[in-house]
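Start from chain A and add chain B according to the hints.
There are 2 protein chains.
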Amino acid sequence: MSQANGPRSPGDLFLGEIREQPQALLRLLDQQAEFDAVTKAMRERSPSVVRLVGHGSSDAAASFGVYAFGLLPGWTAMRDSISLTVYYDAKIDLSDSVVIGLSQSGETPDVVEYVTRARGRGAFTVAITNGTDSSLATAADATLALAAGPERAVAASKTFLNTLAALVWVAGGAAERGREIAEGLRRVSDQLSQSLESLEQSVSNVAMAFAYVGRMYVIGRGIEFGTAREVALKLTETCRVAAEPLTATDLAHGPIASRDESLPAVLEAAARVIEAGATVVASGNAAMRLQGAAYVLPVPEPPHPILSPLLSVVPGQLFAGALAHAKGLDADYPVGLSKVTRAR
Amino acid sequence: MSQANGPRSPGDLFLGEIREQPQALLRLLDQQAEFDAVTKAMRERSPSVVRLVGHGSSDAAASFGVYAFGLLPGWTAMRDSISLTVYYDAKIDLSDSVVIGLSQSGETPDVVEYVTRARGRGAFTVAITNGTDSSLATAADATLALAAGPERAVAASKTFLNTLAALVWVAGGAAERGREIAEGLRRVSDQLSQSLESLEQSVSNVAMAFAYVGRMYVIGRGIEFGTAREVALKLTETCRVAAEPLTATDLAHGPIASRDESLPAVLEAAARVIEAGATVVASGNAAMRLQGAAYVLPVPEPPHPILSPLLSVVPGQLFAGALAHAKGLDADYPVGLSKVTRAR
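Residue numbers (this note's numbering), protein chains in the order written: chain A, 1260 to 1603; chain B, 1260 to 1603.
This is chain A alone, in the form it adopts within the complex:
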């Protein structure tokens, strides 16, 4: 595949889509009427549980969704087991549930099947997808478009960011705070625009140092655990390293620290791994607080604490892209991966 302005260099698509995120986020925010309608329908249902289903990056975003719903409307949200419903055919009462199916393409087979079954059992089902004509969109009661524009690199970036944004916006709407969250997201788009270039510079210097590292951990807790999962996934996908996401409890490269209630645990975990000889890259809006980190990739302070993952995932994306480049790999088309998760 080549671009209009000449042949593609490896990693160009992925980097281009990372850079495009501030604009992609604004496109999502253009859909206020659609988001208002869905959140109104969700409030009317007043669900006992919000069930989030997705694979890969969508599942990492779902980890964040658990916090967005827990902290904004105070609703119970969970990453539901797809196999329980789709493969084991468990007879769980879903009539009291809202289901949110997450899939970039909208064609992940078992997510589509889950949503189809859940709708049949009376759940209110919402698709959040970049594929508005997809099987998932057809299967669900309502669809919210990610509106990220076509994503061509196999590793997701802008669709992940917009999935986070869609989830927190819906959760905000469920708490009747949708306007405030949209306002915050607009501010995040500005912050991303302003910080991307300098961040890109800092990251490429850091990444070179890790070209021969075979094992990495990405530590994040609470609202940043989804970010840690997504960054670990990017590193695994694009750089072929064994990257594992850890909560600060598990316990050592790369903690993501937000200035929130989870910070003490992340700082403690980082201190432990530094003592054990690991090289630490600190990121997040509290990155400066991590003593002894070899590299620091700070990100702006979000307008609202719950929005911090939208800013803190970006250094991780850029790091994965730069590290793939340093290793001579093509981040756009990782060997053995395809864009649509054919999970069964």
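Incorrect hints may have been included.
It does not matter which identical chain is meant; a pair holds if it fits inside one copy or across any two.
In silico EDC-like pairs for lysine to aspartate or glutamate, Cα to Cα no more than 20 angstroms straight-line [what the hints assert, rightly or not]:
| # | residue 1 | residue 2 |
| --- | --- | --- |
| 1 | Lys1350 | Glu1520 |
| 2 | Lys1299 | Glu1439 |
| 3 | Lys1598 | Asp1392 |
| 4 | Lys1350 | Glu1435 |
| 5 | Lys1586 | Asp1271 |
| 6 | Lys1299 | Asp1289 |
Simulated from the structure, these hints should not be mistaken for lab results. No experiment lies behind these values; they were computed from the predicted model shown.
Quick look at chain B alone, frame taken from chain A:
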């Protein structure tokens, strides 16, 4: 620490506790009146959600609990976020919930704190613990004793098996099938007694071949995903290998296959990793179905499909013990670990 019959050899405690599991399981089953009383109270509550909380092996057991509750009474169970309630202080309505706190020692600080808060907010709280005089037992409305007897090796074995058993027995009771499940568990105890010795022989031959392998994956899906998590944790704790649990969807050493609805996905994942050059150890009651596995560690067919993890975890425990021995490590006291998870 030394044993009555002379000085301890490295790994003796862990192996002794693995061997003791058939008897430990029978001790759990002696508590029918206590289990009946708790499941009756749970049914009366008819909860919208069962919230399972624990760290490490207890959290792996919780992964199984999600399936036990989903498949037996058809209840929604989830591994709840401890940080959402304990650190972020999210205002989630818990009055409609049953909470099950899982901790071998009963002293894991944030599990105790979670249960205390949940009880204060009206949840019906149950402690499942080996520490019947522990902080967790004191904090909860009701306590179910694991009755595994003192566990001295740092890596859990018999307390994990009894936690699985307690969860499936409680779930069975919630479905008014407690007697049937207890009967099945009694049969599992027999099967373990009969198979342990020959399994121990086969495993020690297999483990030698892996003494220099640095990275392992343990693949399991559905009801066996908790088993995969626990076996990966044992390998990480006792053998210092980077072992990662994967669902069959993620994707390549060591699949655990149950003859159930998840089998096709596990077989497919195994075929993929064999093609990619991985050495595969197949275990579980459908181990013989994995074509091309280098080693096969079959386990008996359980009396009821939901009980299969109690049988399939044992080869993994034995493998971890034998591999630690092959590597000259002490499985009883892994460096850097302590028996009580001091998670915060």
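Going down the list of hints, with the structure as the test:
Within a single copy, Lys1350 and Glu1520 get their C-alpha atoms only as close as 38 angstroms, which misses the 20 angstroms cut-off; across copies the closest is 15 angstroms, which meets it. With identical chains, the CA atoms of Lys1299 and Glu1439 are at most 20 angstroms apart within one copy only, with a shortest distance of 16 angstroms there and 45 angstroms across copies. Taking CA atoms no more than 20 angstroms apart as the test, Lys1598 paired with Asp1392 passes inside one copy only; the shortest distance there is 17 angstroms, against 53 angstroms between copies. For a Cα distance limit of 20 angstroms, the shortest separation of Lys1350 from Glu1435 across copies, 16 angstroms, qualifies, whereas the shortest one inside one copy, 33 angstroms, does not.
In the homo-oligomer, the alpha carbons of Lys1586 and Asp1271 lie at most 20 angstroms apart inside one protomer (15 angstroms), although the nearest pairing across protomers, at 45 angstroms, exceeds that limit. In this homomeric assembly, Lys1299 and Asp1289 come within 20 angstroms of each other (Cα to Cα) only inside a single copy, at 18 angstroms, whereas the closest approach across copies is 52 angstroms.
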